[in-house]
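Asker: Whenever a hint applies, use it, and build me the whole structure from the sequences.
The numbering of the first sequence is the working numbering, which starts it at 3 and goes up by one.
Treat the hints with care, since some could be wrong.
[What the hints assert, rightly or not] Simulated restraints on C-beta separations:
| id | residue 1 | residue 2 | range |
| --- | --- | --- | --- |
| 1 | E313 | G15 | 13 to 23 Å |
| 2 | H150 | T122 | 21 to 31 Å |
| 3 | A154 | F115 | 16 to 26 Å |
| 4 | I247 | Q108 | 36 to 46 Å |
| 5 | N292 | S21 | 32 to 42 Å |
| 6 | K293 | K270 | 35 to 45 Å |
| 7 | Q108 | H296 | 39 to 49 Å |
| 8 | K138 | E273 | 51 to 61 Å |
[To be verified] Here are the computed lysine to any residue pairs in the SDA-like style, where the Cα-Cα straight-line distance is at most 20 Å:
| id | residue 1 | residue 2 |
| --- | --- | --- |
| 9 | K293 | A244 |
| 10 | K270 | E310 |
| 11 | K182 | I20 |
| 12 | K45 | P230 |
In short, the hints are calculated from the structure, not lab data. Note that the Cβ used here is the ideal one computed from N, Cα and C, for glycine as well.
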Amino acid sequence: MDLEAKMELISKGTMEIISPEELEKKLNKANPVAYIGYEPSGKIHLGHAITILKMIDLQKAGFQIKILLADYHAFLNAKGSLENIKKISEYNKHCFLSLGLSNDAQFILGSDFQTKEEYTTQVYQLATLTTLVRAKRSMAQITRESEHHKVAEVIYPLMQVVDMISLKVDLSLGGLEQRKIHMLARENLPRINEEAPVCIHTPLLHGIDGGEKMSTSKGNFIAIDDIPLEIKEKIKKSYCPAGIIEGNPIMEIAHHFLFRENEKILIKRPEKFGGDLELSYLELRKLYQNKELHPLDLKNTVTEYLIEFLEPVRAYMEKNYPQGM
RNA sequence: CCCGCCUUAGCUCAAUUGGCAGAGCAUCGGACUGUAGAUCCGGGGGUUGCUGGUUCAAGUCCGGCAGGCGGGACCA
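Answerer: Right, dumping it as structure tokens:
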């Protein structure tokens, strides 16, 4: 793969790369490292999957992959006891592998290094450089909704910034909700004489209820290991206004999952409604926008393809993590 | 450390003098749309923060504890 093809592969489906020039340099470097951190979660859903698929792209483009199982971060974000969070992280590791990440990806537990002296010293250094308002603002889309804000909330982003240098990463991937923390890293790491990584943001998937963001806590997600019947029922009840693409979770799922491996998709449609169609993503958008494709036909198609797309996940989990969550 | 106020359904809040714990929103189901939503109809949902006491009877009165909010004090 030449540089141009790598850039193309990496940027496909992302919101932004900060910055493309720096990314090119990293691609020319020997053994560059790309990382992403996740708070261990009882369910890994399609929103997580978008970022894992992008990590797979980065892996194909020559990056060494580090996945941070951020147990302390989840703990700071009031997700439960550290013990339970660690247990969940083992399940998550298998979920990520099930999506096709190759075995040489490294999985790192946050608590294995986040209490070392060098690490905490750097957290304290950043604490002296970061205003409370800035730290809180960076957490706006990440913190559990609560009026009773805890100090943990402002420690969280500082730790995330230090993770990047502790793990020696060249590139940090995250959903768009990570943007403000990433920007904090880009701004403050140089101030403690460290190089900031390239930051790439993927779009956020809307919840199936049409909510702003698919999230485990809101229950508006499709999990990657949901059984076919569950996927079917969830898509059936999903928000999907006719003619509207903006904020439409079903169109988003089609975009990111059906067209990942297919140039065109087959839409099966009863004769009385116009018969079958074979469409590229752009054609699908146009037809849907013009209301020439009914939401139900879209839903049926997405259901069928998504169940097939996630089949390897279910097969992997059954074989390697049969106990489930 | 001291004082005051607060804690009731997933959320926001009602409940008379101590007398069968309710409403709105959310959720779930049905109707209507060739999807969902919207709309109409219907259902479920509770250890009233925990704990001890008074009483025939406690969400309500008294004590203790926990959590939250506010104030005071301490500041050599």
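Asker: Evaluate each hint against the coordinates.
Answerer: Hint-by-hint comparison with the structure:
Between E313 and G15 the beta carbons are some 22 Å apart, a value that agrees with the proposed interval 13 to 23 Å. One distance hint, 21 to 31 Å for the beta-carbon pair H150 and T122, holds here, with the actual separation near 25 Å. The hinted window of 16 to 26 Å between A154 and F115 holds, with their beta carbons roughly 19 Å apart. Checking the proposed 36 to 46 Å range against I247 and Q108 shows it holds: the Cβ atoms sit about 38 Å from each other.
Between N292 and S21 the beta carbons are some 37 Å apart, a value that agrees with the proposed interval 32 to 42 Å. At roughly 19 Å, the beta-carbon separation of K293 and K270 lies outside the given 35 to 45 Å, and the hint is violated. For Q108 paired with H296, a C-beta distance near 46 Å keeps the hint of 39 to 49 Å intact. Checked against the hint of 51 to 61 Å, the C-beta distance between K138 and E273 comes to roughly 57 Å, which is consistent with it.
For the hint linking K293 to A244, the alpha-carbon distance of about 6 Å falls within 20 Å, and the restraint holds. Distance hint between K270 and E310 is fulfilled; the C-alpha atoms sit about 15 Å from each other, no more than 20 Å. Of the supplied pair hints, the one linking K182 and I20 holds, its CA atoms being roughly 12 Å apart against a limit of 20 Å. Restraint check: the Cα-Cα separation between K45 and P230 comes to about 16 Å, which is no more than 20 Å; the hinted pair holds.
The structure does not agree with numbered hint 6 stated previously, though it agrees with all others.
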